[in-house]
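Go ahead and model the full structure; you've got the sequences and the hints to work with.
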Amino acid sequence: MNKLKEKKKKRKLEYNTFNTIIYLFKHIWLWDKPLIFYFLIYSITAGIIPFIGIFLPKMIIDELVGLKRINILVIIIASFCIGGLLLNLIKVYSQEVYWPRVIQIRMEFIHKIDKKAMTMDYQQLERVNTKDLIQRAWMALSGNDIGVEGILNQIFVLFGNIVAFGGYIAIISTLSPLIVFFLILTVGITYKASLGEKKYSHQVDRQMAINERKLKYLDKKMVNHSLAKDIRLYDMAKWLTNKYITWCNEIYLKLKKIAIKRFKIDTLQGFLSFVRNGIVYVYLINRVLYNGMSIGNFTMYFASIQGFSGWMESVVSSILSIRQQNLYINDYRNFVDAKEPNKNDNRDSMKKDISDRVYKIKLENIFFKYPNSDNYTINNVCIHVKDGEKVAIVGANGAGKTTLIKILTGLYKPTKGKVVVNGIDSTNIDKNEYFKLFSVVFQDIKLYAFSLGENISLRKIDETDRQKAINCLKSAGLSDKLKNLENGIDTSLLKILDEEGIVLSGGEIQKVALARALYKDAPILVLDEPTAALDPIAEHELYEQFDRLTKGKTAIYISHRLASTRFCDKIILLDKGSIKEYGTHEQLMKINGTYAKMFHKQARYYNSDIKDHKEVLA
Numbered sequence: 001m002n003k004l005k006e007k008k009k010k011r012k013l014e015y016n017t018f019n020t021i022i023y024l025f026k027h028i029w030l031w032d033k034p035l036i037f038y039f040l041i042y043s044i045t046a047g048i049i050p051f052i053g054i055f056l057p058k059m060i061i062d063e064l065v066g067l068k069r070i071n072i073l074v075i076i077i078a079s080f081c082i083g084g085l086l087l088n089l090i091k092v093y094s095q096e097v098y099w100p101r102v103i104q105i106r107m108e109f110i111h112k113i114d115k116k117a118m119t120m121d122y123q124q125l126e127r128v129n130t131k132d133l134i135q136r137a138w139m140a141l142s143g144n145d146i147g148v149e150g151i152l153n154q155i156f157v158l159f160g161n162i163v164a165f166g167g168y169i170a171i172i173s174t175l176s177p178l179i180v181f182f183l184i185l186t187v188g189i190t191y192k193a194s195l196g197e198k199k200y201s202h203q204v205d206r207q208m209a210i211n212e213r214k215l216k217y218l219d220k221k222m223v224n225h226s227l228a229k230d231i232r233l234y235d236m237a238k239w240l241t242n243k244y245i246t247w248c249n250e251i252y253l254k255l256k257k258i259a260i261k262r263f264k265i266d267t268l269q270g271f272l273s274f275v276r277n278g279i280v281y282v283y284l285i286n287r288v289l290y291n292g293m294s295i296g297n298f299t300m301y302f303a304s305i306q307g308f309s310g311w312m313e314s315v316v317s318s319i320l321s322i323r324q325q326n327l328y329i330n331d332y333r334n335f336v337d338a339k340e341p342n343k344n345d346n347r348d349s350m351k352k353d354i355s356d357r358v359y360k361i362k363l364e365n366i367f368f369k370y371p372n373s374d375n376y377t378i379n380n381v382c383i384h385v386k387d388g389e390k391v392a393i394v395g396a397n398g399a400g401k402t403t404l405i406k407i408l409t410g411l412y413k414p415t416k417g418k419v420v421v422n423g424i425d426s427t428n429i430d431k432n433e434y435f436k437l438f439s440v441v442f443q444d445i446k447l448y449a450f451s452l453g454e455n456i457s458l459r460k461i462d463e464t465d466r467q468k469a470i471n472c473l474k475s476a477g478l479s480d481k482l483k484n485l486e487n488g489i490d491t492s493l494l495k496i497l498d499e500e501g502i503v504l505s506g507g508e509i510q511k512v513a514l515a516r517a518l519y520k521d522a523p524i525l526v527l528d529e530p531t532a533a534l535d536p537i538a539e540h541e542l543y544e545q546f547d548r549l550t551k552g553k554t555a556i557y558i559s560h561r562l563a564s565t566r567f568c569d570k571i572i573l574l575d576k577g578s579i580k581e582y583g584t585h586e587q588l589m590k591i592n593g594t595y596a597k598m599f600h601k602q603a604r605y606y607n608s609d610i611k612d613h614k615e616v617l618a
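All residue numbers for the sequence shown refer to the UniProt record's numbering, where the first residue is 1 and numbers rise by one.
Just so you know, the hints here were simulated from the structure itself, not pulled from any lab data. The structure presented is a predicted model; accordingly, all values stated were derived computationally and were not measured.
Under the rule of at most 20 Å between Cα atoms (straight-line distance), these lysine to any residue pairs were calculated in the SDA-like manner:
1) Lys468 to Lys483
2) Lys416 to Ile579
3) Lys511 to Thr464
4) Lys551 to Glu389
5) Lys553 to Phe438
6) Lys446 to Tyr122
7) Lys58 to Ser173
8) Lys261 to Asp205
9) Lys243 to Asp230
10) Lys58 to Asn297
11) Lys511 to Arg466
12) Lys483 to Asp465
13) Lys256 to Asp205
14) Lys131 to Gln207
15) Lys520 to Gln467
16) Lys339 to Asp114
17) Lys58 to Ile169
18) Lys257 to Glu212
19) Lys115 to Leu125
20) Lys520 to Ile509
21) Lys418 to Tyr434
22) Lys474 to Glu541
23) Lys460 to Leu494
24) Lys339 to Lys431
Have a look at this one:
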């Protein structure tokens, strides 16, 4: 019962078709006002043109059967042909102007998804249901005949159909209003049957969003250059292909059900069309034979009824399609326009000033658990970091180190407790201003297929301080690499967008990430296990370099390896989300607890590597 109530509540939140049309045209008015003008011009001309084919034969036949005046026939034919040509030119021109503009409108709506994903609450973005919602939102923008562009195209056609529809009714009503009623009734039956199929089709599409997300994931993995070696050496091709085929078959079975429903609807539509046309034609022939209807009028009514039936079906098809596309746009709006659960914090409204350049941060009684979890990942953690201090947060994998950093940097909101900066609760600080406090180098470092300079500044190259970017690269240890690059910081990275792009080694990627952090020049620098893929010597050297470059700044090192701890003023050992040990390196070594055991165990590997390194150099 509760689930049914929840579903009903969700239904009430959906946007009806009229609301969606208003929503779309508000955005068109905002982004491209002339498009509405072309839209109306096309609709009017498209609605008028069919009547040339109805009235021209009638007038020619009436003149041929009647007075047979050649000059009148010439005037009739010339007038209709010239008028038709002009109308068609206007229609074609407005249509050709319309198509690229409506595609641009779709691009604007796509950008709204991108913008929402880039600015929404990070914690919300990570959730699986959000990923499915994004996938469904994307379906509203996935082609020319679906969602936003699909509904605009159908409205484009529908308005022309409505103009023609009015004309057909006006003509056929002079024959018999009952004929109009009969024609509308038969089309209405088809409409009702088709409506159920459209709703079912959308339900299946929503289910397929999960399948398509799986397929996209697998597609990326199968063509990913970084996985190409594993795929070949571990003979993974058959395994991945089987998964792909299985998921494709699931989609096929769902589409097959839709195809069966559509076949039934098409059969019904064909039968009703045959019956409708047969009855109407018998009626017209009867009027000619027994009621003195002229051949010209017979031709006009015959063409009008033929046209009316076709255009009525087109109107119904457009309305059905618009209603179906509205379901996709509902999915789009449910993502783009949805209020975020964590948006009711006070960051954006109060905007406390934190531009002191001296920062003291406190984590006060922090508890955190993930959605749908009963256990706390972070359990009553209290940390005080003074300005200019260097702090190491260490612990085994899964201890909660990265989660704690996400809380500290504002990506996660604690379940209980608060983060305080200079005495101000972080929820009372503007979100973007808060993010500016941190330069973070995460362990999953991402490079972008743009220029090296843009990868450092994370801005357009003409907005990049070129000399600053070069200095940061040199400070990060990439002087020699930079000298060997013909185009310097204008060199493209990766080969995705530029065949001349370069591919950096693991160590070089770490240094680019370090240069990126230096370029941002934030007061607090965080290294979240970015050296996990490096050997102990390279890791030790990188930490030494980082220590030199962060003199006078607050620095936080996250690692399960202890190469960084000797540089630090404080060391925090996390275990299962709680602080197990806290102090300086010397203090923790004295108590001979978990930290000391970890350090001694790891020191053997470091000493061995250093010894081997020296022997190689000798």
